[in-house]
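Q: Given chain A, work out where chain B should sit, using these hints.
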Amino acid sequence: MAFGNLKFDTLTTSDSKNTSTEKSVDTSYIYNGIPKAWNNINMTGTAAVRDSFNLSGFTDNGTGDFTVTVVSAMSDINYAHLEGAGQANTSQIAVMQQRNDHAPTTTSIRYQICYDDGDIYDAIFASISIIGESA
Amino acid sequence: MSTVIVNTLTGTTTAGSISVTGEGNSTTTNLQQGLAKLWSVWDSGSGSSKDSFNSASLTDNATGRWTNNFTNNMGNVNYAVTASAAYSSQSGGNISASVEHDSSDYGRTASAVTTETAYDSSSADRTLYDYTDVTIQVDGDLA
Chain A
1 MAFGNLKFDT
11 LTTSDSKNTS
21 TEKSVDTSYI
31 YNGIPKAWNN
41 INMTGTAAVR
51 DSFNLSGFTD
61 NGTGDFTVTV
71 VSAMSDINYA
81 HLEGAGQANT
91 SQIAVMQQRN
101 DHAPTTTSIR
111 YQICYDDGDI
121 YDAIFASISI
131 IGESA
Chain B
1001 MSTVIVNTLT
1011 GTTTAGSISV
1021 TGEGNSTTTN
1031 LQQGLAKLWS
1041 VWDSGSGSSK
1051 DSFNSASLTD
1061 NATGRWTNNF
1071 TNNMGNVNYA
1081 VTASAAYSSQ
1091 SGGNISASVE
1101 HDSSDYGRTA
1111 SAVTTETAYD
1121 SSSADRTLYD
1131 YTDVTIQVDG
1141 DLA
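Protein chains in written order, with the working numbering: chain A, 1 to 135; chain B, 1001 to 1143.
Derived from the structure by calculation, the hints contain no laboratory data. Certain hints may be false.
[Stated by the list, open to error] Now the stretches of chain A that chain B is said to cover, found in silico as 3 or more residues with beta-carbon under 8 Å:
no., stretch
1, 25 to 35
2, 54 to 65
3, 76 to 89
4, 105 to 113
5, 125 to 133
[Claimed, not checked] To give an idea of the interface, some chain B residues facing chain A are shown, with a C-beta separation under 7 Å as derived from the structure:
no., residue
6, 1012
7, 1016
8, 1060
9, 1083
We treat Cβ as the ideally placed atom computed from N, Cα and C, and that holds for glycine.
One chain only, chain A, in its complex shape (with noise of 0.2 Å):
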């Protein structure tokens, strides 16, 4: 007997909360809902990836300022990505985002941190989630 593919266009199951009404959904939204590329990494010291999904490669491009690059490329660079960094400063807030010198390609995004005075940082934590089409 073969196993290993199954092919259908719509999942239905009762949902999360037990309420015993049951949900469908598109397969669409099970592919194109589901994040492409995510990680955790610790930037302090040897910045180090502790965890990742989609992930080949990590550049640790100086203080506060790195490059993701993922295995399998999305396919165009209209993708959403979303940041959280950890911060160890109680006087100021952290921000992480995109580079806008550095436009996303479908392989790769680079990031900054910094506080918002300006200071750019290593965090402990900077995960990132990519959600959008693979190519």
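A: This is chain B only, laid out in the frame that chain A set:
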């Protein structure tokens, strides 16, 4: 058009690994790895959850400092955390943000994750604040 009615999806080769083919009909992505393992939206002003997935409860640690407790725990502490806080009149034209705290005092565990929301009107006067719309998403491996 076909419909599969099921309550649990399990891989055959590896129970916790299912590939999903994309609309381009060639690339696949891993379903389990890609699924967000928690999302939560709450009003930290009133202390009430608006909606969530895999968040069993909220803990109010202090103004602007909240913990989401997982229903199903993560497999380790290496998960990715992204979060945001809505603009409000309190923050005015200032920065508002929701971030994870670096300190081990308010850090992450496999069963809970803590975030902070704050605004800053000028340099170095970060003020923790309870916003009415705070969101968080967690990606990573379930236990």
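Q: Of the hints stated earlier, which fail here?
A: Hints 2, 4, 7 and 8 not satisfied by this model.
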